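**Student:** Listed below, chain by chain, are the residues.
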Amino acid sequence: MAKLATKKISPRYRPLSQIATATYDASAEELKTYYRQMLLMRRFEEKAGQMYGMGLIGGFCHLYIGQEAVVTGIQAALRPGDKVITGYRDHAHMLACGIDPRAVMAELTGRAGGISKGKGGSMHMFSVEHGFYGGHGIVGAQVSLGTGIAFAEKYRETGGVTVAYFGDGAANQGQVYESFNMAELWKLPVIYVIENNQYAMGTSVNRASAEGELYRRGESFRIPGRQVDGMNVLAVKAAADEAVAWSRGGNGPILLEMKTYRYRGHSMSDPAKYRSKEEVQKMRAEHDPLDQAKKRLLDAGILDEESLKTIDREVKEIVADAADFATASPEPEPSELWTDVYA
Amino acid sequence: MSIDVKAGLKSQTVREALRDAMAEEMRRDPDVFLMGEEVAQYQGAYKVSQGLLDEFGPKRVMDTPITEHGFAGLGVGAAFAGLKPIIEFMTFNFAMQAIDQIINSAAKTRYMSGGQIGCPIVFRGPNGAASRVAAQHSQNYAAWYAHIPGLKVVAPYSAADAKGLLKAAIRDPNPVVFLENEILYGKTFDVPEGDDWIVPLGKSAVVREGSDVTLVAYSIAVGQCLEAADALAADGVSAEVIDLRTLRPLDLEPVIASVQKTNRLLVVEEGWPTCGISAEVSARVTEQAFDYLDAPVLRVANADVPTPYAANLEKLWLISPEKIITAAKAALYRD
Ligand SMILES: Cc1ncc(C[n+]2csc(CCOP(=O)(O)OP(=O)(O)O)c2C)c(N)n1
Ligand SMILES: [Mg+2]
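Line by line, the protein sequences give chains A and B.
Just so you know, our numbering puts 174 at position 174 of the first sequence, and the rest follows in order with no gaps.
Converting from the second sequence to our numbering requires adding 1000 to each position, the first position being numbered 1.
What the hints contain is simulated information worked out from the structure, not anything from laboratory work.
Only a predicted model underlies this, so the values are computations on that prediction, with no experimental measurement involved.
No false leads were mixed into what you were given.
Examples of chain B residues lying across from chain A (beta carbon under 7 Å, computed):
hint: 1; residue: Ala1078
hint: 2; residue: Phe1080
hint: 3; residue: Ser1105
hint: 4; residue: Met1112
hint: 5; residue: Gly1118
hint: 6; residue: Pro1149
hint: 7; residue: Gly1150
hint: 8; residue: Pro1173
hint: 9; residue: Asn1174
Note that the Cβ used here is the ideal one computed from N, Cα and C, for glycine as well.
From just these sequences and the hints, can you work out the full model?
**Tutor:** Set out below in structure tokens:
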């Protein structure tokens, strides 16, 4: 059967989808940086959760806790000038892009010091300066938008690539496939990263996806896919390196499915009745991205318990400072209601 | 209609005027490109992009798959990144597939980003009733887009306005929905020569002066108002006709000034009446010039039902000069 198939299909065909097994051989310095980044994301999100509980943050607030290795590993493979776009679960993506935690936290609290002057909120944050194009609240919209940003890179021959992150739930939106088709047709330098955290709100992948192996979703467009252990930052980095080389090399799009997990509810208002406590506990205990990185640092003798504590303290200070800023920053001026509608 | 130009005039169809507007702007700015279904090799489903592929090549004149949601989103992303896309919808009926990207992404991102991200894009294509194509291919979306803060919405009537407004739309740093009309594509008008003819967005224009009643319209309905005004003149009624041209932002100054003179207003729209542009004009004039009105503001719009196919029913459904004349007389309490 397999033989017959290879005979009949076009010679352009190559095995497109694979389970990635490589891990990146990080230097001591890199490993420390990844760990610190992930810790910053975790502590930032924990703080955001607390502040939400205190009523300082309103509306929807989607925490990234558990998924930190994905954005950390991908960002490490990018170079300045590359672009990033994602959905509403975006706080950590911004931190990874090097955006000031103060400006992010103050946006969550809806203050003038927020990165969108308090007018966007948790789901709608941007920083053109850092190549971060949002922060989008409509599930799947960022995939077409990101494809367009990649189109602009190619049009202007910048050599830049664009990373478009989206969820396992978003992977079922029609415009994702419209984008896949155009991206491959026009060989656009876009890296599609599916953050498969197993759930779209309360719907597990298998209840929503006829093909649950999401890394294969690009096959009918001839887009190569890789399934990656998204809890291991070094596996993510290795896959990201391959993807970036592929896209920057003019080969068009590539799809990375990151198998990951969110520990918290979908948003702050989600009691997460659709999964067992044991399931969450097992992921935390056996796959936590920070624990894995920490163990590596200790085992390799790069850091000892004492220096880990120092990092922890430094990160906590950054987060506490961001929280203070976000609480002290004033609300936007009433006149801001009417600005930024038109240029 | 008066066009104040130093250069000469040439006779052109709306179709040619639109094509020239795009070509001139593409010559001027390498960031401008045209994308849509059948815009390149086929030269446009309605031949509006005739010759553009030849002049600008496939990088800047791109045929897309039939994938409105996708290419609208792609265009918006490219505009976020600083390019100036012209996205052609084969007709605006199909832009409903893409309306989320137009509203949620193109219109709102400047606001949501605190002014960081602009979206200099034009969405253009034929809008409104075409001939005998029935309910799904024959509908006016002006009110849908004009409802949205962050968008500009343009709907020209004449070829000169089509050209000057499209050039202004392409240069505008905001997302512009540019509503053309299939039936007008082949209509010929005087258009100023040269490549510096710009008509600013957000300015309505008096296209015929009169003293007894004010007729306000946009797009194809302007032509019908002009026809009606001719007939009314023969009947001793002097009608002033105002072309809104831009529907958002809506420039009602000339309308208010006209109502102060005529004291009677008829708003004409080739589209449904409910929550339409005509409803908006009526509401605003009532708020701003109530004391000048000697009669209720009247509307002439299409029948509030899906577009029928049968020739007789379609005629009943559509506005017409006759319906405008009848309504104008009603506003004057004449019969
Ligand atoms: C078009 C659209 N439909 C529905 C929603 C509501 N909604 C927000 S997030 C979400 C689940 C998305 O899940 P997934 O893509 O897996 O991302 P995750 O939240 O797991 O990061 C839904 C249904 C929305 N925001 N946009
Ligand atoms: Mg998910």
